[in-house]
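Since chain A is already given, all that's left is putting chain B on it; use the hints.
What follows is the residue order along each chain.
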Amino acid sequence: MILGQQKLLSLSINPASFTKPCRYKSLKKHKNTYKVLKTLQGKNILKMNRITQKLGEDKKILSIYFSAGYPNLNDTVQIIQDLEKNGVDLIEIGLPFSDPLADGPTIQASSTQALHNGMTTQILFDQLQNIRESVKIPLIIMGYFNPMLQYGVEAFCKKCAEIGIDGLIIPDLPVDVYADEYKSIFEKYGLINVFLITPQTSDERIRFIDSVSNGFIYMVSSASVTGSQSGFGDVQENYFERIAKLNLKNPQIVGFGISNKETFNQATKYAKGAIIGSAFIKHLSESGSRKIEEFVGGIR
Amino acid sequence: MSFNVNEKGYYGEFGGAYIPEMLYPNVEELRQKYLSIMDEPDFKAEFNQLLKDYVGRPSPLYFAKRLSEKYNTKVYLKREDLNHTGAHKVNNTIGQILLAKRLGKKRIIAETGAGQHGVATATVCALMGIECIVYMGEIDIARQAPNVARMKMLGAEVRPALSGSRTLKDATNEAIRDWINNPVDTHYIIGSAIGPHPYPDMVTRFQSIISEEIKWQLKEKEGRENPDYVVACIGGGSNAAGTYYHFLHEPEVGIIAVEAAGKGVDSGHSAATSKLGKVGVIHGCKTLLMQTTDGQITEPYSISAGLDYPGVGPLHAHLAQSGRGEFFSVTDDDAMNAGLQLTKLEGIIPAIESAHAFAVLDQKKFKPTDVVVISLSGRGDKDLDNYIEYFKL
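Each protein sequence line maps, in turn, to chains A and B.
In terms of the working numbering, the first sequence opens at residue 1 and continues consecutively.
In terms of the working numbering, the second sequence opens at residue 1 and continues consecutively.
If you're looking for bench data, these hints aren't it; they were derived computationally from the structure.
Hints may be right or wrong, so weigh each one.
[Claimed, not checked] Residues from chain B shown here face chain A by an in silico Cβ test under 8 Å; the list is partial:
| hint | residue |
| --- | --- |
| 1 | Gly12 |
| 2 | Glu13 |
| 3 | Gly16 |
| 4 | Pro20 |
| 5 | Met22 |
| 6 | Arg177 |
| 7 | Pro183 |
[Said to hold, decoys possible] Chain A residues, not near chain B, derived (Cβ > 10 Å throughout):
| hint | residue |
| --- | --- |
| 8 | Lys59 |
| 9 | Val77 |
| 10 | Asn86 |
| 11 | Leu149 |
| 12 | Gly231 |
| 13 | Lys282 |
| 14 | Glu293 |
[To be verified] Straight-line Cα separation of at most 20 Å, SDA-like style, residue types lysine to any residue; simulated pairs:
| hint | chain 1 | residue 1 | chain 2 | residue 2 |
| --- | --- | --- | --- | --- |
| 15 | A | Lys282 | A | Asn247 |
| 16 | B | Lys278 | A | Glu154 |
| 17 | B | Lys8 | A | Asp180 |
| 18 | B | Lys8 | A | Tyr178 |
| 19 | A | Lys282 | A | Leu115 |
| 20 | B | Lys8 | A | Lys136 |
| 21 | B | Lys33 | B | Lys65 |
| 22 | B | Lys65 | B | Lys365 |
| 23 | B | Lys8 | A | Val175 |
| 24 | B | Lys278 | A | Lys245 |
| 25 | B | Lys221 | B | Pro58 |
| 26 | B | Lys33 | A | Tyr178 |
| 27 | A | Lys159 | B | Lys65 |
| 28 | A | Lys183 | A | Gln200 |
| 29 | B | Lys364 | B | Glu299 |
| 30 | B | Lys8 | A | Tyr182 |
| 31 | B | Lys33 | A | Gln200 |
| 32 | B | Lys275 | B | Lys221 |
| 33 | B | Lys33 | A | Glu204 |
| 34 | A | Lys59 | A | Lys136 |
| 35 | B | Lys106 | A | Gln200 |
Just so we're clear, the structure is a prediction, and the values are computed from it rather than from any experiment.
C-beta atoms are modelled at their ideal positions from N, C-alpha and C, and glycine is treated no differently.
Excised from the complex, chain B in its bound form:
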């Protein structure tokens, strides 16, 4: 079974480009050019240079000794939290801004939920001196004030999404509408492995640096390139896609995906799309989607603003449906406690999104000889208010 996108943009039955005709020229231009641009030697050189000198790559693969002792297995952390801007998001925004420049685009738009992708986009736009507009739900703007301020400092205009539920999915709708209204000079930097083809594949390829590094780093530390398991949290699924990419066709590597269960999968306040979703179309992509029986998209919930997306990237829908990926759901409480535990055992405060991935250690029993690589996709600085409130610190 293949886990690469096919020529029509599908992973199994998921993916495609369900877009209004108004977006066709832009998306088609991207589809025709993204692979050849990414393959150009000077593109690769510039991309790799920026990842090294600006982002700070390679990010370390760290053997978590005390965590490993506690769970009697070998746990490695892929330290995406140490990237510039504090998460894996910047790998993709660097790639897409270089692509946008080669497409001759003069204006960048992006959507953001918690603000991490918005900050990563505003950062690369500042770096390149390109106009940047970030759409963000009105409700998210109110609860993520520091990231809004960061984007403004970086020169981006933050436009509130006032429609629908005024959160991430509505910010995405607004960004798409902006692109419809500005079809010639604008590139839309989508932040996750979602959207119409070629976005899921393009974002996955930019993020695949994560698993590329894991391979050689693990070879140095363990004498083998393949771990027994790779673990990542999934909202739309960009850090997971990058973490899995080079292991998708290595059957001995177990792929573990961790979704946010919120207050419990069946509580009505959850973002566990693989459990609660049905096949549907959102933001140009056929995938698993949380929706009413009437096909209206529902609002997910998670304590982590980066995981509360009602869909999941089409690659992940395919991993879930085919059984290639093992999907877990982690509640707010379990994620928060896993985050605190990582802090106490290893001295690392994770983003609440990433904390979900660590809670899997309590749900699945690994063997003492297993090598388990967990993607630590972001740092917890942005979540301090949440940690303070939750633990009454």
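Pulled out of the complex, with its shape left as it was, chain A reads as follows:
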């Protein structure tokens, strides 16, 4: 059963198997693939997963990250709704952690504040319980592994599926451990797990990550923690171009160092989309959870 699902996913979302010019649009056209999927399994993971659908649209993806429970404990749903209303394509909901070691000062501070505000895994799930009544765009939970381990990885995935979360980003769960121990659980609940690559990641490892991935690859723009830099130079440009030339089966979305229209455009010149985190949190710190329109409007 599980093996069948694995096959299903790699079969269904492998853009490399489609002709290149319509790489992302092509999914919907492949009616035969859908038939195969439906034959193999009662419900159609591909059709259900909003991330895959969104990636199929002919546009550059704007993804926004924020820490759940920041600035106020109960801002989560309002922020998500406002982001969708203002045209954001994908949202990464940060599950706060006491020791976020891949994050810079801005996200650390928002994470710490969210914990002070009382945010927990259960409270976040409670807040999101009815989110699919009002929000249609893909939602990803981004968090560190330990809180998920304590909740129980399977229970966590099950809850995500019930709520309508589409994927997870877990920076400290390495792809090797995921592939060995957790992949089958994620797939059982139709969750897409997103892995990071950096300028230091070897081509060989990128290809391995690409083979394990089934949504998009999170392309870290430079060797840094989040929120560390402003603007991209030749080094990033060359890196973006190098990755684009690898013709990976998964599209790439660039994160880290994207803060405005200029960096968004640079990042999406080669990649499918870009993620803004620290800059949006700074905006929340300064303007509260209102004026989201202003922020998103400034990006594109």
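Relative to chain A, chain B alone:
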């Protein structure tokens, strides 16, 4: 049962490398090369030469006559306190700086709590003329001023960790972030048997000189290589790992681990990880970890700054869970009194960390014929202010 790390970096269910992808190239390079570098004849020669001439090894194995009389058993002290810089920490920093040089690294980072590992790292960086940055919690900087001054004299830059609880775990987070930001030229010298694989094994191997010496020293004194018990205090667990290493697979040697109970295991102010911890992931390693039910890492407490780490090395988590190690918890009060007693009976002022190990003599009854080797991991000079305040000296 094996107590060596397996090829995936685990001791039983503990260990592994739970690291962000940004750290993968560095950690993977280390994983692929550490054993072969440590096995090179010229590495071994340089390491052993420095341990002998610079650190002052072998450290004596001292028969503590008066302490033995008091407890009616045979107590030997492994005198790591007599090492250069005053503790066992330097065994590891010498090893890692030589390794870093062979990896072509130009810049060293480290974390420190009380400052002992920071001083040991700054020392070897001065010795080798390599840039050194030590991360230290803002709160620890304030309460460990002499060690901060020592690091500065040695040419290191001490950077305050301003995030979270501003102590050791946050200094470790900051060091990891630095490594993420400087992935090419920098080596991170972790000070304890913690962190992602291969660190716990690498640190343990560098510290294993302690048990290697105990074996031949005990042979000279008692006519046998194996004691009945080896005893060590555990924070992250590097001195303990080194003290146990060559006895892990000798079933007749009892392994005793002593954790800091702080104000009492159940007081809410404790660092007794094996009693209070649950399986979790901290600093790249799956181990026993003090945390909330929600998986947030909690701040431990001990009067000894070297033992208040919320996790424990994966080897020790495995020793605790498998029952191979016998774990004790010692309160601040018992540790301080054990430290004072050692001072009065043997003329040795121990570090408060090491004093915890001696308090086990009051908790466990040993036979008169038992040979008990206690790791005296550090000297108490750094703790004088604490002793003065505690005993109103």
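Now for the hints, and whether the structure bears them out:
{"no.": "1", "hint": "Gly12", "result": "violated (15 Å)"}
{"no.": "2", "hint": "Glu13", "result": "violated (11 Å)"}
{"no.": "3", "hint": "Gly16", "result": "holds (7 Å)"}
{"no.": "4", "hint": "Pro20", "result": "holds (4 Å)"}
{"no.": "5", "hint": "Met22", "result": "holds (5 Å)"}
{"no.": "6", "hint": "Arg177", "result": "holds (5 Å)"}
{"no.": "7", "hint": "Pro183", "result": "holds (5 Å)"}
{"no.": "8", "hint": "Lys59", "result": "holds (27 Å)"}
{"no.": "9", "hint": "Val77", "result": "holds (20 Å)"}
{"no.": "10", "hint": "Asn86", "result": "holds (30 Å)"}
{"no.": "11", "hint": "Leu149", "result": "violated (6 Å)"}
{"no.": "12", "hint": "Gly231", "result": "holds (16 Å)"}
{"no.": "13", "hint": "Lys282", "result": "holds (17 Å)"}
{"no.": "14", "hint": "Glu293", "result": "holds (32 Å)"}
{"no.": "15", "hint": "Lys282(A) - Asn247(A)", "result": "violated (35 Å)"}
{"no.": "16", "hint": "Lys278(B) - Glu154(A)", "result": "holds (18 Å)"}
{"no.": "17", "hint": "Lys8(B) - Asp180(A)", "result": "holds (11 Å)"}
{"no.": "18", "hint": "Lys8(B) - Tyr178(A)", "result": "holds (14 Å)"}
{"no.": "19", "hint": "Lys282(A) - Leu115(A)", "result": "holds (18 Å)"}
{"no.": "20", "hint": "Lys8(B) - Lys136(A)", "result": "violated (41 Å)"}
{"no.": "21", "hint": "Lys33(B) - Lys65(B)", "result": "violated (45 Å)"}
{"no.": "22", "hint": "Lys65(B) - Lys365(B)", "result": "holds (17 Å)"}
{"no.": "23", "hint": "Lys8(B) - Val175(A)", "result": "holds (14 Å)"}
{"no.": "24", "hint": "Lys278(B) - Lys245(A)", "result": "violated (45 Å)"}
{"no.": "25", "hint": "Lys221(B) - Pro58(B)", "result": "holds (15 Å)"}
{"no.": "26", "hint": "Lys33(B) - Tyr178(A)", "result": "violated (24 Å)"}
{"no.": "27", "hint": "Lys159(A) - Lys65(B)", "result": "violated (63 Å)"}
{"no.": "28", "hint": "Lys183(A) - Gln200(A)", "result": "violated (25 Å)"}
{"no.": "29", "hint": "Lys364(B) - Glu299(B)", "result": "violated (29 Å)"}
{"no.": "30", "hint": "Lys8(B) - Tyr182(A)", "result": "holds (16 Å)"}
{"no.": "31", "hint": "Lys33(B) - Gln200(A)", "result": "holds (18 Å)"}
{"no.": "32", "hint": "Lys275(B) - Lys221(B)", "result": "violated (36 Å)"}
{"no.": "33", "hint": "Lys33(B) - Glu204(A)", "result": "holds (19 Å)"}
{"no.": "34", "hint": "Lys59(A) - Lys136(A)", "result": "holds (17 Å)"}
{"no.": "35", "hint": "Lys106(B) - Gln200(A)", "result": "holds (18 Å)"}
Hint compliance for this structure: hints 1, 2, 11, 15, 20, 21, 24, 26, 27, 28, 29 and 32 are not met, and every other hint is.
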